[in-house]
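Peer 1: What follows is each chain in one-letter form.
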Amino acid sequence: MINITIDGRPLTLEKPINLLEAAKLVDVKIPHLCYAECLSVFAGCRLCIVEIEGRNKIETSCSVLARDGMVVHTNTERLRALRRDLLDLLISNHPKDCLTCDKVGSCELQELCYEYGVKTPSYIGAQTHFTIDDMNPIMIRDQDKCIKCGKCVRVCNEIQVTGTYDFAGRGFESTVTTAFDQPINKDICRMCGQCISMCPTGALQNKQLVGHRPWELKKVRTTCPFCGTGCNFDLNVDVKNNKVVGVTPCEDAPINGTELCVKGRFHTDFISSEERLTTPMIRKDGELQPASWEEALSYTAKRMAEIKAEHGADSITALSSARCTNEDNYVLQKFMRAVIGTNSIDHCART
Amino acid sequence: MSNSVNEVLGSDLIFVIGSNTTEAHPIIGNKMKQAVLKGTKLIVVDPRKTELARMADLHLPLESGSDAALVNGMIHIILREGWEAKEYIAERTTGFEDIVETVARYTPDVVSEITGISEDDLYEAARLYAQTPKAGIYYTLGITEHTTGTSNVMNLANLALVTGHVGFENAGINPLRGQNNVQGACDMGALPNTYPGYQAVENEKSIKFFSDFYGVEMNPKNGLRIPEMMDAAVEGKVHAMFVMGEDPVLSDPDANHVRKAVSALDFLVVQEIFMSETAKYADVILPATCYAEKDGTFTASERRVQKVRKAVNPPGVAKLDWQIICELAQKMGAPGFDFEDAEDVFEEIRATTPSYRGMTYKRLDEENGLQWPCPTESHPGTKFLHKGVFPGGRARMIPVEFEGPAELTNEDYPILLCTGRKLGHYNVTTRYSRLLDSINPYEEAEINPEDAEKFGLGSDDLIRVTSRRGSVVTRIQITDKVKPGMMFMTFHYRETPVNELTQAAYDPITLTGEYKVSAVKIEKVEWKDEELADNVHRFERLDSLVK
Amino acid sequence: MTKTKITREELDFLRESMKPELDALLAEREDLTKKNGEYVLAGEFYEKQTRIALRNFNIIDPESLDEYIARDGYLALEKAIFDKTPAGIIDEMKAANLRGRGGAGFPAGRKWETAAREDNDVKYMICNADEGDPGAYMDRSIMEGDPHSVLEGMAIGGYAIGSNQGFIYIRAEYPRAVKMLEHAIAEAEERGLLGDNILGSDFSFHIELRLGSGAFVCGEATALMESIEGKRGMPRPKIYRTSVRGLWGKPTIVNNVETYANVPAIIRKGADWFTSIGTQDSAGTKVFALVGKVKNSGLVEVPMGTTINEIVFDIGGGLPDGHTAKAVQTGGPSGGCIPAELFDTKIDFGSLAEIGSIMGSGGMVVMDETDCMVDIARFFLEFTVDESCGKCVPCREGTKRMLEMIERITEGKAELEDLDRITSLADTISTTSLCGLGQTASTPVVSTMHYFFDEYQAHVVDKKCPALHCKELITFFIEDDCIGCTRCARECPVNCISGEVKGLHVIDQHACIKCGNCHDVCPVDCITIS
Ligand SMILES: Cc1cc2nc3c(=O)[nH]c(=O)nc-3n(C[C@H](O)[C@H](O)[C@H](O)COP(=O)(O)O)c2cc1C
Ligand code: SF4
Ligand code: SF4
Ligand code: SF4
Ligand code: SF4
Ligand code: SF4
Ligand code: SF4
Ligand code: SF4
Ligand code: FES
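Chains as they are written, first to last, in this note's numbering: chain A, 1 to 351; chain B, 1001 to 1547; chain C, 2001 to 2530.
Next up, chain A with everything else stripped away, as it sits in the complex (with noise of 0.2 Å):
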């Protein structure tokens, strides 16, 4: 058993978590840019500083792991002093964006700088300049927003473990990039967008999403329905035109957490294709021509009751769906069963 002290808070663990993770427990919110729980520790935003009593250092809360009897204050004057300081440096090399930046309201930097009233960086130097890389399907990289904490390499290392990116170069001139620094592309790339969704400025930016503020959007959890795994994520939708614009990650999905792949995160323009159809058809004199659906069904009613009374129920089949609900699977089984009086109803459970 550990016993720990955060902010005054008591709190008793029965393993060694870190100090970020513990502080979660009782609620207190220690700032960070460069940790995620998922992905190994980087320790590199160094905003999650924390005085430990009878230590004369401060530490990063990320990299230190609970102790029994540590006494940890996560919001000192001291500490938010540096902060702002880690802050102000931040946003000296990064551009004056915010405005007309897509990442607004769910940017983390901006967030935090607010947070610290950190207005208008106070030193002034070199910018570091890069060309931004859209000449892929799903993301702009533009690296002059990025704070260089690593997750999209982490994440692309260790979750996605495709190994797409690396840091390069040293000190104010490090960034991440591909090897070669080449382009975003489908033989480096695997698409699935993990990067994308672990960034905390809008150094990457999903296309999809682009042009919409995140509050405006509303959220429906929801099942993929492109391969077996079953991951759960968050479609966006543009409720005004009924429009699903982009997809989400959400923590607590059971089988994948927030990852997904490339299908889960960007097939949503499929739904509002101009190609659905979108009445009944029946085929006269040879052509399909749109009907209501009263003629549809009633015509089709009249002619499985003919063909059952003519060629007997097994004159019958249904091919049922795999990518239908269990709803839409059992509704079709109990029609062919019940009212049509066959068994003779399977699906593809092959491909």
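These are computed hints drawn from the structure, not numbers from a lab. Take these hints with a grain of salt, some might be off.
Distance condition first, Cα-Cα at most 30 Å in a straight line; then the derived DSS-like pairs of lysine-lysine [unchecked claim]:
| hint | chain 1 | residue 1 | chain 2 | residue 2 |
| --- | --- | --- | --- | --- |
| 1 | B | K1310 | A | K207 |
| 2 | B | K1383 | A | K243 |
| 3 | A | K308 | B | K1041 |
| 4 | A | K29 | C | K2179 |
| 5 | C | K2005 | C | K2179 |
Given the coordinates of chain A, assemble chains B and C with the ligands onto it according to the supplied hints.
Peer 2: Same frame as chain A, but now just chains B and C with the ligands:
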């Protein structure tokens, strides 16, 4: 799956056979890769050098269709070395003697000859699998889509049972279901031989139960399976077909035969969201809803029933699938189709399907889905199956003999074509996502550099692929992912409908098509017009665009 | 002797038979002299030195294992394996108080004790031979001149903590050291002094070399391990101590070359002997690379507690004629400047820290009145900015901003409040940086500001560089004594000096780039700087 997806991370050995997991089940594939990074051993049995195969401790690029021999060979070695789980076999299984007798003939040299895998690798695979307690088997289409698919599955069960690897966390036999709700469609009884909950159609007790429940006498005979339906249609025994959300003309093997079948029908109803290849033959088309427009449930491979929730309204006058069928039933005068909403349907599913009985929409919402069996409302669901006992007491082992694939190459058809999926697409729906389609806009048949050289092919060339059943035209990708003498194509593209080539030889038990191997020949072809090469030609058959 | 694996007895025999041979060889040499019965280097420069880590340097042939053995080489390893327990070695090391010579000064014995306590089949010993400090070359000299002493030290450590595998992480820019080590490892393995079953015992220890890419930060212990693991050499947070979870997650010891080179002597002669040298705070000796404005530069190994005065004047021979000492800079780019008033400070880890500098790896630069302390700070900071790995915010962004501010000072463009700003930024950087590089990056700035604040003030307030060094703040000017020899005009890279032969020359102040060429070449010293 007998286990849950996240148990992959706790396995000490992952045995992947015939599953290109990182493409077909990307997130499960990721978890396998994550496990490997943490030190889990990985054995991949696949003729192709897939992404997982490249990471594997042991990659066994066996000859297509020789899975049964390989598995028997492994069991042979396990028995010879005394690595079998003797107590487990005695206490929890039957039929062990038959296995002993059969595998005796599969000596390493014989197996090596059939599979093309060295005796050393065979030994190593057997040793690793048998001696690692937390060893899970994972398979997909690769193994079921052979004429011998079902027996392949049985044989994997034999392997797992002989070593005592079923019924524990992080071990087990795990089929990865291809389509998102294959598990659910099977659970719901969308099969000719089972009612919901796998209650046998020809079992008297179930006939009585469903006759009482539905208020009509149930047909006591098993129905037709898809290939039988197609054959019966061609023979004039089946006159009408109701197709909900499937496109057999594109996705079933031997497209010619399927086309013949649907054309022969008196009446074809297609309930769809896009104008599919099959819909083009329909007498009536009923516009349905996609998953984002409906409430309901899907059942994932790990038997987890999860909610699907309506996010937007359907386009035009399109309706919910189950609702359309209910209205049709009511038009035909049938009672029992007056469901109010999806939850109402689910309540009836619970009432008829014992393994779903404990689930309610409320619980599914609150508990992020539940894994069946979940028999009562206080049951937490089941993470892994067969703990302690098997259904019916003991697991029966049935020996499986190796039979060569139904089709072999010869001088005229020198190349073995395998078919499967690619990461960016899912069957055909994703083709309607312009974004996804732009990542993989056309088929690129994989061909080994040696063969490319033999046929004088460069990476920008176009080829015609011909089998005994048909021919298609495709672009190519020259890669060592495939062995010499082998080709790989996907079934996502109408432009290059690969099922024109595949054969309808069926596994006698499930009648799953022999997608995996067809013998083909290839020849270089030219665009009718140079400029055609610059365009994608979405949904246009490429064979109409070549000289 | 044939090169086969030898036993303890054979090693003893070899040692005794080699001794007279080597003695005879060394007796011939004029650069050596005998002190306490052992040959050491002769001459004034060496007289006041005490050489332990460098005891064989320039005395034996580094490619001869026999010569090393003749100087009691591998005797300590032999004693360790056969006469001592691992715990005994650790006790001896703790008692000896050998503090890490790579910079931080952590007691090696304590580190080893932690690793020894870990219950793990696999443990690693790493020798940090990355030596990236500009101007430092003590580790290189040890590896080139006495490679076996490092190998022996590592093997003893391996025995003490229960490790069978060592790595030497060495910069690729040291090809000769690499060659010497490779040769030494091969030879020691052939003789059974490394490898499986050393001297016939059941202790095995293997050593492999790993070549570093040359980034300074790769000398930081965790970055070094990342680099050995095949990743980009970036420091990682120490969630666990390296001695608990280090290389590939296994208990790992990282020690410096010089640290290891001290180990055999300690085991051979005992902790009491070692602690009799040096101070209470720091036992033994330290090697310094003495450079800068000093007559005799070179490697100096002295007991801890020797004063700066003794090093600079007694051993270094003082400054070149006409120059006065202003400061020494110790500890390389992360060290501080110590003003001449404090030259009687006894050097050890503790006292250097007290006066705002560090031991570092042992760089010692002597500076005179022509050195501008602001520019010195700028010089070292520039190095750090270039070498920052870019992982953490304070070091990546902060040191750059600080350098920009210092540059503005040297250009006369700074305000007084900038000095406060520098102080607070220095605090942020040193408090919040992830690794030692950032944590110490501002030491040169802070220490020069502390001891030479008036120089900073002169730059900021009077816009003057008292040392007449900062280009933006000085002018070159030809006095009336010019004899019109035209040399300056010919040497001026921008041709901004005009004048007739034998006539007075004039500098065009707008065009002058302040390169100082004219000043250096004028035969009558009539070009002055102000
Ligand atoms: C930026 C940086 C560079 C370093 N470079 C070296 C080096 O080149 N050689 C070295 O021995 N230690 C270097 N160190 C110190 C090591 O991190 C580590 O403390 C040392 O190798 C431990 O050995 P010791 O205890 O024997 O000194 C460096 C530290 C930092 C922060
Ligand atoms: S990334 Fe964040 S801080 Fe940067 S411009 Fe965009 S919203 Fe502003
Ligand atoms: S999209 Fe996925 S594969 Fe591509 S870089 Fe990002 S994380 Fe890596
Ligand atoms: S691109 Fe985004 S996630 Fe990647 S390092 Fe930069 S800020 Fe972090
Ligand atoms: S997100 Fe990808 S892996 Fe997950 S269910 Fe959808 S298609 Fe399958
Ligand atoms: S302090 Fe500097 S060198 Fe060290 S980790 Fe941070 S950025 Fe890298
Ligand atoms: S300092 Fe250099 S540039 Fe200036 S006058 Fe002299 S030589 Fe010419
Ligand atoms: S070098 Fe000196 S003396 Fe000669 S011209 Fe120049 S200033 Fe005059
Ligand atoms: S979250 Fe701890 S350093 Fe960034």
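Peer 1: All hints, please: hold or fail.
Peer 2: A quick look at each hint next to the structure:
1. K1310(B) / K207(A): Given pair K1310(B), K207(A) holds - Cα atoms ~24 Å apart, limit 30 Å.
2. K1383(B) / K243(A): Not satisfied, since the Cα-Cα distance of roughly 36 Å exceeds 30 Å.
3. K308(A) / K1041(B): violated, 57 Å
4. K29(A) / K2179(C): Violated, at roughly 54 Å.
5. K2005(C) / K2179(C): holds, 22 Å
Figure legend: structure checked against the earlier numbered hints; hints not met, in rising order: 2, 3, 4.
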